Structure formats: structure tokens, C-alpha cells
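K.L.:
Below are the chains, spelled out letter by letter.
Protein chains: 2
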Amino acid sequence: MQKILILGGGGMIGQKMAQKIVHENTFGAADITLFDRAFPSGNLGLTSITGNIADPATATKLVASKPDYIFQLASIVSGQAEQEFELGWDVNMMSMWYLLNALKDQHDASGGTYRPRVVFTSSIAVFGGPYPDKIGDEFLSAPQTSYGAQKAACELMLSDFSRKGSVDGVSLRLPTICVRPGEANKAASSFFSGIIREPLNGVEAILPVQDTVRHWHASPRSAAGFITHAAMLDTDLLDGRRALNLPGYSCTVEEQIEALRRAAGQRAVDLIKHVPDEAIMAMVGEWPRDFDPQRAIELGFTSEANFDEIIAVYIDEDLER
Amino acid sequence: MQKILILGGGGMIGQKMAQKIVHENTFGAADITLFDRAFPSGNLGLTSITGNIADPATATKLVASKPDYIFQLASIVSGQAEQEFELGWDVNMMSMWYLLNALKDQHDASGGTYRPRVVFTSSIAVFGGPYPDKIGDEFLSAPQTSYGAQKAACELMLSDFSRKGSVDGVSLRLPTICVRPGEANKAASSFFSGIIREPLNGVEAILPVQDTVRHWHASPRSAAGFITHAAMLDTDLLDGRRALNLPGYSCTVEEQIEALRRAAGQRAVDLIKHVPDEAIMAMVGEWPRDFDPQRAIELGFTSEANFDEIIAVYIDEDLER
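Protein chains in written order, with our numbering: chain Z, 94 to 414; chain E, 94 to 414.
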């Protein structure tokens, strides 16, 4: 029986992913453990452990059972990492350091036979402008946020521990995940979901940027799919470059709104109020707009082909009617 | 009076740099402190502190005097970082983490007025193949050695602590420094210097690779020049991309040997013995061969125009006759 450990398993993507592997029986009869600071009610009936991933002792305890697959999804979001600098580095980078060292200890203690797959959710925040029109697979990582720098540092560690053989890791540079269910979070990108989610629920939404802003999106369903695909990937195909730009859909806020109109009519669109926010505009102006993720596509990663599909996923999976 | 702290001040580049700033009076009447595990005899008569940079308490003590300029040159070399994985990450990455946190504590305690310049010697080892013919300023960092991964992680930290304002950092991706004086070290690149240095001293040298191998070189004098230039640089010109590819000279081993012949005749060349070493050939085969470092050139960094000049620097500065 495969042992699965999902760090950040209480978060939105962690829950989506846990649901997916349970419902699709991805790993067969698996022993699934979720770890997070806290969990939503319900929580799929899986083993759940609460704790602090920035505590060096946490990883040691969590990997003592030698999980076969470790999904490292836990992090604080971009807005919070900017505001709470030390917390950001502790939670978003040092936790990876502790995890990899704990796994290496298990690898060494096993005489080298234990070599778990580690899938890490990195982010397109590892990139910083100026950008080409489409960011290619060989474009430099020069993050302009603490969150991005922390994710990029984790990629480097995971890649090197993998190269040396104690783990077998893949870093996934997730597009902005949209439409996120639930409440807005502290991520500066939160509005990309809010302007779709709130109107679909009959609630007013704030658009803090111009509708000409272009960004790079994939649905929560795609995110869960990326992660399970990475778990099964033949990592020899990565040729030592273990951080992947992923497929997504590039569109402007205006195109998002047009897709909302097609899905839910003018009444939904009328619920979007444009209230410019200089701070958010400044941050979003620095973000990637479009990618050419050839490697990931060749490796079989897939996502939505247009924003209508992204809205349809939300309506299908998360809209309460 | 400016306070200067040179970490790794006992190493070859640290000593060259200390000599340069003393002799050229770069910082005026300066209070210069060197830190390293050990120092060569002589040591320029400067204040020297021995200790372990991988000890978290070291940085706290060293920066208590609020140095204006910190040169972080201390690291273990590539070959050793491959062999001693944990030591490599401790010395080459965690030391930067401790240093930046200690500097941030001083910054915070000063009410934000203390913001030292930090110049970090990174390396072209942050790159991993496959490469374009010339590596441009926007090429990805995908290191294939622990040394390279550690250097790249340090760049990310230094950049983000700088962006947030507690330090003002620049990372310099040094070419292979050649001709190194003194004895061969554990760096796999050591032979690039050895095949010039040993024959100039009448000693036999081992060439472990084919003479068609192309690589990227600059002299120790250029290295010291890069570092002092970075200390004086207007970092606003970096536009938030604080890691720089530097100028150097790209040539094959055959061209190195031809330059040696011009400098010291056939008798010197005859001292080079080709003894293939599969392990070194494999590592060197993964290394960068050539760069197009436009940004650094525009920022005023300079190096040698050909390998004859690189040999001439060694003969001028280090050859004992």
C-alpha cells in the first residue's frame, strides 16, 4: 500500500488533490495523510495532522513512516510573505530545507533504498520582469517578491537533493489558480478569482486593476491534475531540469469578464465594481502575462484551452446552487 | 572611516582583493577586517579573525560593528561540495542565511539607517546545460552541481533581502579564475590554472581533458576588480536583477596552450601531460563555454581580452623568479 503525505493538505489545492486521488483511486489502496495548520470541516475522512511546518521537528516526525509520495503544497501566500518577511522565509523556504534533510536522513538510514517522489508546488512568481511576450522554458528566474524568491530557492534545493539521489523531486510552477472557491485570501492575485466567483454567487466583486491586465490562469482541477501527473512522471525525461513551467491560459481581465457574461449574463457582469488599487496594480504590473511551456506540454501536462472552460470547472465543482 | 569586512579573506581572491584595496586606497582610510578558517603567513598586516562561517553565531559577532561593505567570498569549492554534501549546503548556503539575518537585525536595530553593501562571489556554476553557444543575461539558472545550486540560492536570498531594504547586494557570477597562484585545489576546474602555472614554474602539469574543451576565464586581478567595481556600483542601475554574468575570455584548452607557448616557449608546453580523467571530463562537459554578458559590460565591468593577457597577469603578479 502506497503511503501518501500531503503537506498543506488543508488548503484549497491540497483538498482538491486529496479528493481527486481518493475518487480516482490514483494510487490504488493508499494510506493518505494530510498535514496543515488547520483543516476545513469535513476533510474527506482522511488522517489529518495539524502542526507548524516551519518547526524543524515537524518534518522529522512526518517522514518517519517513509511516505512514498510527498506533496509539498504548504506555504503562506504572496501578500502575506511580503508583509511578514521573516515568517515567509521560515514557512516557505526553511520548511523545504527541513523536509529535504529529514528525507535524506531516512534515505541514508535505509541504505539508499528509500527515495520518495516529492512534488513541490512552486509558482510563476519565480519570474520577474521585464518579460518577453511569452516566457519560454529557458527564461531566467529573477523573482521580485519574497514569495517568488522563496519558491525559487526551494526549487534549487529540491533539484540538488534529487540529483544526489535522496529524493526524486519535481517542482511545478503553477499558473495563478482560478476560479478559487471560498473566500478571498491574502494573495494579491485573489481578485482574478473574485471577479468571477462573487458574481456567480450573486455578490458584488471589486476589480482593483484595469481590464487590460493580462495574466496566466489554470483551474483548481488542472492544478490537482498537474500534481498527480508529476507524481507519476518518468523523471529521467526531465534531464536534470526539475522545475517546470506549466500549461495555462493567457487572457486579459476583459476576456475573463466576457467569459463570465457568456456563462452568467450581464447581470453577473454588472456586479463587478472597478475600484483601482495602486498597490495591487503595481504588483500585478510586475507579473508574467503569457508562457510557451513546451517542455511541460511534451511531458503530458494539460490545462484548459480558454477561460470559458475555467469558469465551467468552477460551476461544475464548487458553485452551490 | 569605512569599515570593510572580507569573509573568505584568507583565500586567494580574498587576499588579492585585500591587497588591491590597501594598495589602491579604494575606500580611503579604511578599517579592514578579514575573516576565514585560516590565513596564509604574512597576511598583509590586516586584522584577521578565524572561525567557522557555518556557525550561526559567527555572522552575528562579525557584523556587530556594522561594516559598511561586506564581501562574502567564503565557500568550499565545487569538488568538495559534491563530495561533502551536507558541509557544502551548510558552508555555501546556510552561511548566507545567517549573514543576511544578522545584517537585518542590525538594520532593524538602527531604525533602518544601516544598509550595508554586500558583494557576493557567485559563479557560472549556477548554470547547467544544455547551453546556447553564448549564454545571455536572461538564460535560466539550472545548476547541475551542489556548488552551483548553493550559489544560486544565495543569489535569491541576497536579492530579496536587498529588495526589502536591509542590505544592498550584488551577486557576481565569476568566470573560472585563471591563472590561480599557489597549489592546485579541490575544484574540478583546477587544471585550467595548473596547465599554465606548473609549466611556467618548470613543473610538470596534468591535463585531464581533451584540448578542444572550451571554457570561460578571467584573471585573479579581474576578479578583484569585479568585486571592487561592484562595491562602488549604483545598484539602482540593476533594476532589481542583482546577479550579474561577468565579462571573461572564452577559449579552448588548445588556445590556452598556444598562449603558453608564446609566453614561455615549447619547453613549457612540453611539461603538459595529457592524462584523461573520465570524472573530470564528465563534469567539465557540463560547464558553460561562452557568455554574452551585455549588462555587466554596460555597467563597466572589465576583464582580459585574450588568454595572453591572462598569462601576463600571472607572470606579473605571482610568478616567483
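Any given hint could turn out to be false.
All copies of an identical chain are treated as equivalent in the list; a pair is satisfied when it fits inside any one copy or across any two copies.
Unchecked claim - Pairs of lysine-lysine, DSS-like flavour, derived with a Cα cap of 30 Å:
1) LYS159 to LYS96
2) LYS366 to LYS159
3) LYS154 to LYS227
4) LYS257 to LYS366
5) LYS227 to LYS257
6) LYS96 to LYS366
7) LYS279 to LYS159
8) LYS96 to LYS257
9) LYS159 to LYS257
10) LYS279 to LYS197
11) LYS154 to LYS366
12) LYS197 to LYS227
13) LYS366 to LYS113
14) LYS96 to LYS279
15) LYS279 to LYS257
16) LYS96 to LYS227
17) LYS366 to LYS197
18) LYS159 to LYS227
19) LYS113 to LYS159
20) LYS279 to LYS113
These are calculated hints, taken from the structure and not from any lab test.
What you are looking at is a predicted structure, and each value in this text was computed from that prediction instead of being measured.
K.L.:
Next, verify each hint and record whether it holds.
P.N.:
Results for each hint:
no., hint, verdict
1, LYS159 to LYS96, "within (8 Å within a copy, 50 Å between copies)"
2, LYS366 to LYS159, "neither (50 Å within a copy, 50 Å between copies)"
3, LYS154 to LYS227, "neither (42 Å within a copy, 47 Å between copies)"
4, LYS257 to LYS366, "neither (52 Å within a copy, 32 Å between copies)"
5, LYS227 to LYS257, "between (33 Å within a copy, 28 Å between copies)"
6, LYS96 to LYS366, "neither (47 Å within a copy, 54 Å between copies)"
7, LYS279 to LYS159, "neither (34 Å within a copy, 35 Å between copies)"
8, LYS96 to LYS257, "within (23 Å within a copy, 40 Å between copies)"
9, LYS159 to LYS257, "within (18 Å within a copy, 38 Å between copies)"
10, LYS279 to LYS197, "between (33 Å within a copy, 25 Å between copies)"
11, LYS154 to LYS366, "neither (48 Å within a copy, 54 Å between copies)"
12, LYS197 to LYS227, "neither (37 Å within a copy, 36 Å between copies)"
13, LYS366 to LYS113, "neither (35 Å within a copy, 61 Å between copies)"
14, LYS96 to LYS279, "neither (32 Å within a copy, 41 Å between copies)"
15, LYS279 to LYS257, "between (36 Å within a copy, 19 Å between copies)"
16, LYS96 to LYS227, "neither (39 Å within a copy, 45 Å between copies)"
17, LYS366 to LYS197, "neither (51 Å within a copy, 41 Å between copies)"
18, LYS159 to LYS227, "neither (40 Å within a copy, 44 Å between copies)"
19, LYS113 to LYS159, "within (22 Å within a copy, 53 Å between copies)"
20, LYS279 to LYS113, "within (26 Å within a copy, 49 Å between copies)"
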